[in-house]
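Residue numbers (our numbering), protein chains in the order written: chain A, 1 to 287; chain B, 1 to 334; chain C, 1 to 325.
Note that these hints are calculated values from the structure, not bench results. Watch out, some of these pointers could steer you wrong.
Claimed, not checked - Dumping the calculated SDA-like pairs for lysine to any residue here, alpha-carbon to alpha-carbon at most 20 Å:
id : chain 1 : residue 1 : chain 2 : residue 2
1  : A       : Lys196    : C       : Ser97
2  : B       : Lys272    : C       : Leu194
3  : C       : Lys118    : A       : Asn187
4  : A       : Lys21     : B       : Ile143
5  : C       : Lys78     : A       : Lys21
6  : B       : Lys260    : B       : Glu296
7  : C       : Lys78     : A       : Arg189
8  : C       : Lys166    : C       : Ser97
9  : C       : Lys118    : A       : Tyr192
10 : B       : Lys272    : C       : Leu190
11 : A       : Lys184    : C       : Leu192
12 : B       : Lys260    : C       : Ala319
13 : B       : Lys110    : B       : Ile143
14 : C       : Lys166    : A       : Glu181
15 : C       : Lys168    : A       : Asn187
16 : A       : Lys184    : C       : Gln107
17 : B       : Lys269    : C       : Asn189
18 : A       : Lys184    : C       : Ser74
19 : B       : Lys12     : B       : Ser70
Since we're looking at a predicted model, the values are computed, not measured.
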Amino acid sequence: MVKQRHNSQSGLPEIWRRLKKDKAAVISMFVLLAIILVAVLAPLIAPYGYEVQDKKHPMEGSSRAHLLGTDRLGRDILSRLLYGARYSLAMGFIATAISAVLGIILGSVAGYYGGRIDNLIMRFLDIYQGIPMILLTVTLAAVLGPSLRNAIIALGVGFVPGTARLMRASILTVREKEYIEAAKSVNARDAYNIIKHIIPNAIAPVIVSITMGIGNCIMAGAQLSFVGLGVQAPIPEWGAMISDARNYMRGNPTLALYPGICIMLTVLAFNLLGDGLRDAMDPRLKN
Amino acid sequence: MGEKILDITGLKVEYHTDGAIIYAVNGVNLSLYKGETLGLVGETGAGKTTIARSIMRILQTPPAKLCGGSINYKGQEILDLSEKEMRRIRGNKIAMIFQDPMTALNPIEKVGFQIAETIAVHNKITKAEAEKRACDMLEMVGIPMERYGEYPHQFSGGMKQRVVIAMALACNPELLLADEPTTALDVTIQAQVLEMIQNLKEKLGTSVILITHDLGVVASCCDSVAVIYGGQVVEYGNLEHIFDHPTHPYTIGLFNSLPKLDSGETRLKPIKGLMPNMKELRPGCHFCERCNDARECCKTLSPETVEISPGHIVKCHFAKKEVESWPHSLKSNI
Amino acid sequence: MAPLLEVEHLKKYFRAGGDRQLHAVDDISFTLEAGKTLGVVGESGCGKTTLGRTIVHLIEPTEGTIRFEGEDISNPSKKDLRRLRENMQIIFQDPYSSLDPRMSVSQSIMEPLLLQGKLSKAECREETLKLMKVVGLAEDYENAYPHELDGGRRQRIVVARALALKPKFIVCDEPVSALDVSIQAQILNLMLDLQEERNIAYLFVTHDLSVVKYISDDIMVMYMGHMVEKAPSGLLFENPMHPYTQALLSAIPVPSIHNRKKRIIMQGEITSPINPKPGCRFAARCRYAAPDCAQAQQLEEVERGHFVSCCRCHEIKKAQAYQTN
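Chain A extracted, bound-state conformation (with noise of 0.2 Å):
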């Protein structure tokens, strides 16, 4: 009985079992898996194609034909927002992964070593920090061209300051634990000692943050899109869609409205997922 008891307690199914019990985690898991699911399907389950136009009803309310009315030249709502899913979340996952990965790395090479790397990489991040988030990516997204790509791009790299600053703070307080000495008296390299020791140990703030800057990648993708510097038409990101519906907002202001649900449900989503994992990760709360 002892046995089994301690089998099922810990890492992954631990943190499993205590993210269940809340309730506004799991029901955002739930609405996340529903977007990525239209995400992949968008093709199957979208009445028409994104760039479909049907000339004759431009800017129309709901109809059988278009469930959600049609822009101004005439695609369907409903098929550019399932499509849309697609781009956004793209951006999200894959800025946020570029940045993660960057952030980590730097964050951990930082953390571990301190004195003169530490100060050369935290240097620069501050100087890096200094320039504001938007300039930078409008920077280089002038620089690179607008693409979804650049786009992607830019935002991975504008993320890593914050990562790697939160992996070199989580580090510092894990290279300290008397087991990193321990294990460096049996004779524990330093590589070793990493990737064994304090990366696992140091991973569990930074990965909700990554949680949430999926949310925050999605949202600022989508502020690059609306001042014309990310997605180009007629490829339908959120933001791209609602930058479209701008000069319409007077008279048709569900144009703007169901593209900026979509963004506000999905960033909603992952935020609520974070705080959720991040009482889930925490050990003070194990009992």
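Following the hints, position chains B and C against chain A.
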């Protein structure tokens, strides 16, 4: 002895967390007389701190839940008081010193100001008077009053603990709850602080409940002792009862676990096993799994408390000499 | 035969900003025979922990020599250090932070064996189970994680881990301070049994004088990086010579209501060990302090194996004898 100022009967506290219930305090009876120092001795998780926090009414509810019993402070039922009434008593009549002096002080306020503030909260006096009193308190705990305007980080551990004590005593409380006040300190500093508490107690006539795991500390500054195990008082008596005639197997085990300075023993006789899991409240004696003398009845029947000599109370089936008679009379008690 | 461990004039200074130096360990010398225990006592900040860590090279010494089995290991090469560490282990104070919370009991105990790389995985596991048995951990706990276990069991894991490489010498840094008395006694007994079985030498660092008396053959008292007194365990308690040792011994609360001794209440607290002046570092708090104390103190062997670093210790002893008569 003098007037009884605190009377706890049948105190029960549980912690409800995450679907599990931790039975922290299970029917504690204690009383304290004016000017007396009562030592609560026990190991981690025995329920000592929970008892003190119940008296102060600073248990976090939830997860804690008071499930019964009464705490009578000079005729007033503390557990029935409103939060507003309690605030008048807390810090004023009953004060508490916490284990860690490092976290008990606000790092961004001047030390003297923190004492003066406590005084001002409970007394209608001017700022100047409060400051004057705070200076007196500092002097009393052996800190020159020139250091009134310094911040906690400028003080060493021992001095911080003195400041914490000064704060606790600032309103002349009748009852001081000291939760492991010297555990975080070095022995030589511990000696200083204990000596000081002793002197102040004599000077001010304060009653003290001293929570500790160190029997040495108890021997040097308590009048009576309650040994706590599994959320219950297993033995209670004056110093002589506990130190010269320990009777409960747990108390005896505690003494045997201590390396002694004045004997050349080569091997300790520790208590076997571990603290019981307080999540399952089983019938019978809580100590029976670790007890060498446990018998069948210990597993099923909770022992009654027996007064084996005047003022010496033991919660064990076999506390009395005439063992044979015990299980029998117990049956009639159920 | 050379003693197992010889430490001569060991110094460890830390930089404390600018040209300020913190003298954590200052000119400590001692020898330790195989299978014996040297207790190191002192208050927090006296350098006892640094001493232990310097000897096992978790911290590099500033000056001085350390010899292990006759071989100078003051500045070991990486290769030597790897070999050395199989013979020298360290047990930390807090079993809550010296175990990786994400490793199961068996993983933690097995880690040194796997890192050593001499045994196959299956052999490692077998050895791990053996070690668990040795330290009194039921096999059921093999897959448990530290946070599910109490302090006593965790410290047993730490001990098992330290034993894995079959060391001849273990630095024990306050191994029982975080434990309850009843559990503390269990661990102390375990450590004594292991010493007897495996002939391990301990450097036992602690602030608890009753524990140190119980477990040590010799005891060294440290004050602000200096060794103020060192003697066989019995002698030190019978005949403490240094005023600091006397005060320290008198400050221990004894769990007995008889033979209450007069406590010597020391004034003040430990002062800063940054750029200390030469001379006795205890002088500022010592009630016997005299002008002589400002000079560097010599270690004197007052009786066989009993060393004291106090120029006035004989005078003081005489005065005290006079007082009691």
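Hint-by-hint comparison with the structure:
In summary, the hint linking lysine 196 (chain A) to serine 97 (chain C) is supported, as the alpha carbons are separated by about 16 Å, within the 20 Å threshold. Only pairs whose Cα atoms come within 20 Å are accepted, and lysine 272 (chain B) paired with leucine 194 (chain C) is accepted, the gap being roughly 18 Å. Between lysine 118 (chain C) and asparagine 187 (chain A) the CA atoms are separated by roughly 13 Å; this keeps the pair inside 20 Å, and the hint holds. Only pairs whose Cα atoms come within 20 Å are accepted, and lysine 21 (chain A) paired with isoleucine 143 (chain B) is rejected, the gap being roughly 52 Å.
Restraint check for lysine 78 (chain C) and lysine 21 (chain A): the C-alpha separation of about 50 Å exceeds 20 Å, so the hint is violated. For the given pair, lysine 260 (chain B) sits about 34 Å from glutamate 296 (chain B) by alpha-carbon distance, which is inconsistent with the 20 Å threshold. A C-alpha spacing of about 11 Å is found between lysine 78 (chain C) and arginine 189 (chain A), which places the hinted pair at or below 20 Å, so the restraint holds. Only pairs whose Cα atoms come within 20 Å are accepted, and lysine 166 (chain C) paired with serine 97 (chain C) is rejected, the gap being roughly 23 Å.
Between lysine 118 (chain C) and tyrosine 192 (chain A) the alpha-carbon distance is near 17 Å, which keeps this suggested pair within the 20 Å criterion. At most 20 Å may separate the alpha-carbon atoms for a hinted pair to count; lysine 272 (chain B) and leucine 190 (chain C) meet this at roughly 13 Å. Restraint check for lysine 184 (chain A) and leucine 192 (chain C): the C-alpha separation of about 26 Å exceeds 20 Å, so the hint is violated. Note on lysine 260 (chain B) and alanine 319 (chain C): the hinted pairing is violated, with a Cα-Cα distance of about 28 Å set against a maximum of 20 Å.
Of the pairs offered as hints, the one joining lysine 110 (chain B) and isoleucine 143 (chain B) holds, with about 14 Å between alpha carbons and a cut-off of 20 Å not exceeded. About 19 Å separates the Cα atoms of lysine 166 (chain C) and glutamate 181 (chain A), which keeps this hinted pair within 20 Å; it holds. With a C-alpha separation of about 16 Å, the suggested pairing of lysine 168 (chain C) with asparagine 187 (chain A) holds against the 20 Å cut-off. Note on lysine 184 (chain A) and glutamine 107 (chain C): the hinted pairing holds, with a Cα-Cα distance of about 16 Å set against a maximum of 20 Å.
Restraint check for lysine 269 (chain B) and asparagine 189 (chain C): satisfied, since their Cα atoms lie roughly 9 Å apart, inside the 20 Å limit. Distance restraint check for lysine 184 (chain A) and serine 74 (chain C): the Cα-Cα separation of roughly 18 Å lies within the 20 Å cut-off, and the hinted pair is therefore satisfied. For the suggested pair lysine 12 (chain B) and serine 70 (chain B), the alpha carbons sit about 9 Å apart, so the restraint of at most 20 Å is met.
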